[in-house]
Each structure stands twice: as structure tokens, then as C-alpha cells.
Amino acid sequence: MIDWSGYIGLILQGAWVTVQLTLMGSALAVVVAFAAGLGRLSRFMAVRALATTYIEFFRGTSIFVQLFWVYFVLPFAGITLTPLQAGVLALGLNVGAYGAEVVRGAVKAIGREQREACIALNLTRFQAMRHIVLPQALPLMLPTFGNNAIELLKGTAVVSLISLSDMTFQAQVVRAQTGSTLIPFATILLLYFVMAWLISFGMRWLERRVSRGLDGVRV
Amino acid sequence: MSQPIIRIDNIVKRYGPLTVLDGLSMEVMPGEKLALIGPSGSGKTTILRILMTLETISDGFIQVDGEQLYHMKKAGSLVAADERHLHKMREKIGMVFQHFNLFPHKCVLDNVTLAPMLTKGMARAAAEKRAMELLDMVGLADKAKSMPAQLSGGQKQRVAIARALALSPKIMLFDEVTSALDPELVEEVLNVMRKLAAETDMTMLLVTHEMGFAHDFADRVLFFDRGKIVEEGKPEDIFRHPKQERTQTFLRKIIAAGHRV
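Chains as they are written, first to last, in the working numbering: chain R, 1 to 219; chain Y, 1001 to 1261.
Hints are computed from structural coordinates only; laboratory data are not their basis. Just so you know, not all the hints are guaranteed correct.
Chain R side only, calculated, beta carbon under 10 Å to chain Y, not exhaustive [claimed, not checked]:
1. Gln114
2. Glu116
3. Gln172
Bear in mind the structure is a predicted one, so any value in this text is a computation, not a measurement. Backbone N, C-alpha and C fix where the C-beta goes; we use that ideal spot for every residue, glycine too.
Work out the full structure, taking the sequences as your base and the hints as a guide.
Okay, here's the thing in C-alpha cells:
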């Protein structure tokens, strides 16, 4: 009879790595998404070009390849990252590229009439963005951000390829050591599902908070 | 005789191949109440939008309160205005829109206080005191904490008027402010504007299809057609004895459509 408590502990250690990757990767993705999404709407051609290049490049190449570059190629340029740093960077940049398009779409959805009201009230572009456009655009972004965060969570499994012991990696280890396939894989299935559910739940809560009073009514 | 507060000099506005305003010139005196009437597409709304810097001009000059609107002096010559110049000029002008354009995520009070706090650095307490006076003036002091979505169209428009007034502009532009309202809500907005005209010496430019209101409200009426002023004069003259055939045709159509004069 196998003593499962030790093996489950191993998987839980991996789960903690997965949680860390998801949280830090998502945080980076949000920052990058806003920077690149707003960059694509910039008045300045160079900023738009830079943002567009980033978005197209990271959407157009595989997360595996991006991860290998960050972890194995960057050291040749003198930048050596720990596996966790490399994982966060690759995941954040990858998902951030998708998020950037979400930011851009939501900002553009706040119509001309609101922008014109801002001009008539003599707000600067920054003030209009900060006080009028973004607060209304945020509720539009959140559902898709939630999707992206779940995608990122599931994408974290790729980091096992750069020797990071995430949840999927640990399950493989447990399977190899115990010979049991069902229990480790059923455990991580459940854990992934619970994590994704927590993200969904959290995003719905956030959505309700930021859209309070808006009620989707056009004014 | 004082100087005109607005002097429009030979402006041209093109959208691609379409010329909306073709060499238009006009002047507005301080405190004057002006009604701009005419068929849709005649360029009257475009003038207001140009004055609010929502559109640029293709050619010509506009002077507002003694300064160029779209140009500024730099090293002795006139160059195109930069954002900072436009920002300074916009202080003089306020606008009320056909579709209100209230900020749906902010309550009525915040809609009114936002711009004075951000653009004039007013303290919240002072901005709220002033906002409450203005909301009282438009009859909506009791709605200060309501969200825009909870208001009727007429109430929204009155909030929009209070919001524009909060910046104390010298010139107010009203762009078909009752066109989007249910008929029974029109009067409450017009009443606010009558009060405003009676109590302040603001210069007011009004684009409207409410001929009866234009008649009572305006010192001068301008009839536009195809980007030109076809006829202008005192309301009695324009509405009772229009000289130009195009003005007569337009007014006949408007009356036939059920608008009173």
C-alpha cells in the first residue's frame, strides 16, 4: 500500500509553483496589456509601431519557443533568469499580447460622444483617459481578462520544459515513482479546475464592483 | 461699441471631397443670443463643433475673445495652434450636446464637479458648493446623488447644462439640445435656457429646430443653407417676413411639419 500523503504533498508543492506563476504572470500580463493596448492608440507613430510589433510577434509565435528563448537564448545576451523568472516573463508577455487587443477594443468602444464631452469640458487627454474612458472601458475588459487568466493558468504547464517543478511536472514525478496514473492525474485535474473556478469567481466579483451604477445603460 | 467676442473670417471646412463650409464669415457680439437655423447638412452644427475645437478648419481664421482659436503667434508669425493653446482657448467656451453625453459612471454631482476640480484645481468643497447652486438653478438639486441612467432625458440635459456652466465659460454653444427629447420634456429644458438668458450676460449660440423658441430667445437669427448664411436678421423679420425664397421654403416646411413659430 502506497502512503499517499507524501506524494500529495509533492503535488501541492507543484500547485504552489503553478499559483505563483499564474499570479505573477497575470500581473505582468495586465501591465503589458495596458502599455501595449494604449500604445496602439497613441498619437505617435513610433509608439504605435512598437506596440503593434510586440503584439503581432508574441501572438504569432508559440509559447514554447518564447519560453526557450527567454530561458536558453537570453543568457547568451548576458541575461540569465531563474526558471521561475523565465516562466513569468514568457507567460506574461505572451498573454499580455492578447490582453493588449482587449484593452484597445474596450477603449475604442467608449464612443466619440464621451471623448467630445471631455474636450468640451477642457480635460487633457490624460485626464479624459484616466477619469472617463478607462473607468468605463474596464468593465468591458474584465470578462476577456478572466478568459486570458485561465488560459495563462493552463499554459503554466509548459514551464516543466525548463525544469520548473510545477503541478503537472510533480504529477509526472509521482506517477513515475508510484506507478499509479489515475490518482496523480485526477488530483491535478481537480486542482486546475478549482484554480480556474476561483479565477472565474474572482473576475465576476470584480466585474460587479467596477460596473456598479453603470447597468449597461447608454447615457 | 465693443469688439465682437467671436469673429469668423472666411473659414472653409472640407470632409474629403465634400465642402461643408465654403468661405463663411460672421461675427457675434458679447452677450448676444444667436439662433442658427436651417436644413440638416447646412453646416450650422459644424460651426458649433469648430468653435468647440471638435473639428478643425481647412482654411480661414477664427478669433475668440480677442485671440486666434486655431492659430497662435510664434516668433512673430501665425502658426497652427498646439494642444496647450487649444486648452487655454477652450476655457472660454462650453457646449451642450444633442445626446447629453453625461458620464454614465459618475453621479450627477460628480458629473458637474469633475471638470472644475481637474481643470481649474478647485477644491472639492468649493466645486460641490458651486455645483449645488447650478443644480438648484436647473431644478435638480434633489438628484445630486442619482446616476445619469436614473434620469429622464430632460433631466439629463439639464444636468449637462449645469455641467457646462460649472466652468463659467463666456460663450455657450447649444447643439440641438432638445432634438433627442420626448416632446413633453422639451419645455423643461427650454425653461432653463430662458432663465439662463435672462440671468446671465453669456454669449449663447443655439442650433435649433424649435422655431418658436428661437423667435423668443434670440437677438438675431441666421438662416443657413449649403454652408452659407442665406439670410440673417431680427427674429420677427426672419420668421414673419423672410426675404429669401429659400428661407421661405424652409420655414413653410417646418410649419407644415408641425412646429409652431
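Consistency of the hints with the structure:
About 6 Å separates the beta-carbon of R:Gln114 from the nearest beta-carbon of chain Y, less than 10 Å, and the hint is met. Taking 10 Å as the C-beta cut-off, the interface hint given for R:Glu116 holds, the closest approach to chain Y being about 5 Å. Interface restraint check for R:Gln172: the shortest CB-CB distance to chain Y comes to about 48 Å, outside 10 Å, so the restraint is violated.
The structure fails hint 3 only (numbered hints given earlier).
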